[in-house]
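Trainee: This is what each chain is made of:
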Amino acid sequence: AQKITQTQPGMFVQEKEAVTLDCTYDTSDPSYGLFWYKQPSSGEMIFLIYQGSYDQQNATEGRYSLNFQKARKSANLVISASQLGDSAMYFCAMRGNTDKLIFGTGTRLQVFP
Amino acid sequence: KAGVTQTPRYLIKTRGQQVTLSCSPISGHRSVSWYQQTPGQGLQFLFEYFSETQRNKGNFPGRFSGRQFSNSRSEMNVSTLELGDSALYLCASSSISSGSETQYFGPGTRLLVL
Numbered sequence: 001a002q003k004i005t006q007t008q009p010g011m012f013v014q015e016k017e018a019v020t021l022d023c024t025y026d027t028s029d030p031s032y033g034l035f036w037y038k039q040p041s042s043g044e045m046i047f048l049i050y051q052g053s054y055d056q057q058n059a060t061e062g063r064y065s066l067n068f069q070k071a072r073k074s075a076n077l078v079i080s081a082s083q084l085g086d087s088a089m090y091f092c093a094m095r096g097n098t099d100k101l102i103f104g105t106g107t108r109l110q111v112f113p
Numbered sequence: 114k115a116g117v118t119q120t121p122r123y124l125i126k127t128r129g130q131q132v133t134l135s136c137s138p139i140s141g142h143r144s145v146s147w148y149q150q151t152p153g154q155g156l157q158f159l160f161e162y163f164s165e166t167q168r169n170k171g172n173f174p175g176r177f178s179g180r181q182f183s184n185s186r187s188e189m190n191v192s193t194l195e196l197g198d199s200a201l202y203l204c205a206s207s208s209i210s211s212g213s214e215t216q217y218f219g220p221g222t223r224l225l226v227l
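These protein sequence lines are chains W and R, in that order.
Residue numbering for the first sequence follows our numbering, beginning at 1 and increasing consecutively.
Residue numbering for the second sequence follows our numbering, beginning at 114 and increasing consecutively.
Chain R with its partners taken away, still in its complex shape:
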């Protein structure tokens, strides 16, 4: 079974631009979560989608948004990029949304904002 895939793997943008990241979960998984990883803040939860509905949201400004499609693929969008948005963005999928379910991660998208 194929793992979680994320595209693109690397991205360079300038301040003020917007970016869309994509995540394809493991086949059969309906829950997709997004995390931001930076050296200063560590790993922080962005949001979770389950069956096309946002179930949970972290403490990020409204510039960060996401959605999930009927095939469980998810996209994350960041508008009006700031230098501090430079990070590794990780997507994780699980079969259901539950504390006992393991989340499996993709390779991440490294975003650099100049």
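Pulled out of the complex, with its shape left as it was, chain W reads as follows:
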């Protein structure tokens, strides 16, 4: 069965600092995609970054990068230069052969001045 584990219920980071949000996954599918989404209090899920299981390089999108370690089955999100607007829930998700997104329980990030 597929599973996503986010072990950090909450994280605090000071503005302009970098922060790493942890995500580990479990799947027997040979091909899968890993995603990170941001959910502000408004509720909308905002796509941040994608990593394919066969991608050789770690994905980057602006201030977001994904630290993909396939052997360890981890896909941690790194946010550089945190901003107050980054305060939100962050979800790691995976999509494999079943084509449905499996989500972790999320990490609430609080950025303070």
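No lab work stands behind these hints, which were simulated from the structure alone.
There could be a bad hint or two in this list.
Pair by pair, the computed Cβ-Cβ distance ranges are [unchecked claim]: (1) 127/R to 52/W: 41 to 51 Å; (2) 127/R to 60/W: 41 to 51 Å; (3) 108/W to 131/R: 29 to 39 Å.
To be clear about the criterion: a stretch of chain R counts as covered by chain W if any three or more of its residues have a C-beta under 8 Å from a C-beta of chain W, and this derived list gives those stretches [to be verified]: (4) 162-176; (5) 213-224.
With a straight-line cut-off of 30 Å between C-alpha atoms, the simulated DSS-like cross-links for lysine-lysine are [stated by the list, open to error]: (6) 3/W to 70/W; (7) 70/W to 16/W; (8) 16/W to 73/W; (9) 126/R to 170/R; (10) 70/W to 170/R; (11) 170/R to 73/W; (12) 170/R to 3/W.
A virtual CB, placed ideally from N, CA and C, is assigned to each residue, including glycine.
Given the coordinates of chain W, work out where chain R should sit on it, guided by the hints.
Mentor: The following block gives chain R in isolation, referenced to the frame of chain W:
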């Protein structure tokens, strides 16, 4: 390009009633998925439609149903509402149905069942 839209944004119903939620995907996207988000159960997959056919279904009772129209718009219906159906219902679209395709989400419909 316009994003995923969902209507209505907020809804209050009473137990036993039924409700229909609507989702319009990003133009050109043919796959629409529905998710339920609650504080207790987190984000759970309901079903996915692609080219008017249901491709995948989550572990929800038959009271939850959906459909997709030829223009890719999708509706979700919940009959005989229960208090536990109170949730944020999120719709997501992607261009095709594949593990590598990013799903883009709408703003959600907040349903409160009294």
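Trainee: If a hint holds in the structure, say so; if it doesn't, say that too.
Mentor: Here is how each hint holds up against the structure:
1. 127/R to 52/W: 41 to 51 Å: Holds - the Cβ-Cβ distance for residue 127/R and residue 52/W, about 46 Å, lies within 41 to 51 Å.
2. 127/R to 60/W: 41 to 51 Å: 49 Å, holds
3. 108/W to 131/R: 29 to 39 Å: This hint holds: roughly 34 Å between Cβ atoms.
4. 162-176: holds (count 3)
5. 213-224: Held - the region 213-224 of chain R has 10 residues with a Cβ nearer than 8 Å to chain W, which meets the minimum of three.
6. 3/W to 70/W: 15 Å, holds
7. 70/W to 16/W: 29 Å, holds
8. 16/W to 73/W: Between residue 16/W and residue 73/W the Cα gap is close to 29 Å, so the pair holds against 30 Å.
9. 126/R to 170/R: 25 Å, holds
10. 70/W to 170/R: 28 Å, holds
11. 170/R to 73/W: Since the Cα atoms of residue 170/R and residue 73/W sit roughly 26 Å apart, the hinted pair holds (cutoff 30 Å).
12. 170/R to 3/W: 17 Å, holds
In this structure, none of the earlier numbered hints is contradicted; all agree with it.
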